[in-house]
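Position chain H against the provided structure of chain E, taking the given hints into account.
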Amino acid sequence: MKLDCKHIWRELSNYLEGDISDEVRREIEAHVAQCRHCAALLDSTHNILVLVADERRMELPVGFNTRLRQRLEKEMAISGPQ
Amino acid sequence: MGNGLPAMVGPGALKKEKEARLIEDVLAGRHEQFHELIAPYRRGVYLTAYDILQVAADAEEVAQEAFLKAFRALRSFRRESQFSTWLFRIAINEARMRLRRRREVPLETAFPGEDEDGDYTPLMLADWREIPSEALLREETRRLVQESIAQLPEKYREVLTLRDVVGKNIAETSEILGTTTGNTKARLLRARLMLRDIFAERTRRKPRQKQPGRVAP
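Protein chains in written order, with the working numbering: chain E, 1 to 82; chain H, 1001 to 1217.
The following block holds chain E by itself, in its conformation from the complex (with noise of 0.2 Å):
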């Protein structure tokens, strides 16, 4: 089976999630060595991903565990889980 660009776009995610068969991923990475638009989806894509997972370091807000842990505490002053 021949996959059109259609399809590729479907598997685009699965794929980058490498949750994919290796047939279906043998036919992706035929079809992107031929067609630009879709070499060009699949690197854009992924590289969007890299730039969200950078935010995982993106810092808390200056004092925020301590602000959470008082609040907290002023709440196990009082009662505890109901």
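Rather than coming from a laboratory, the hints here were simulated on the basis of the structure. Ideal Cβ placement from N, Cα and C applies to all residues, glycine included.
Coverage of chain E stretches by chain H, computed from C-beta distances (three or more under 8 Å per stretch; other residues unrestricted):
no., stretch
1, 14-28
2, 50-58
3, 64-71
For chain H alone, coordinates are given in the frame of chain E:
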């Protein structure tokens, strides 16, 4: 490139047994153990709230509320799901409620190219792929990413945040959102393609370099 997604960064989840013991401790009255129980999830809960609400102060309040609720309701936590799944579900619900109350953001924003049942057609931007890698280290890029996430309709923002920002796997993301894995994958695909298009559009609109005292075109 297949497994190119970055692995989860951060302290990682506590071992399940340790978590179970901490929960027992809290329920037995050693409340201070709750701080240790939630320590691995503070950042993830905050990031989730932040991505949904886009306002730091609101995200902090919602995160605090979520942890407080989890503390109060800890006895009702059923052990068949993971503690973190339960906790993130509380956080998502808190953030959703805050969003509803705020009423600034329409519940479901109509999005060009969006058709729930059909395929999402990504923009053809063959020349775009070099931009993010060269821009990777720039603070500006981070802001653009954040603004692009903010532009996603709510349900796509949620799934993308849980999977791609916080780093939950598909199964846990589905459990938190109360949906099937098939549905989560479909939403995730759409969210990622939309995000790419939004980001590309924003990047193209941006002047490449800020010039002091630049004259408006």
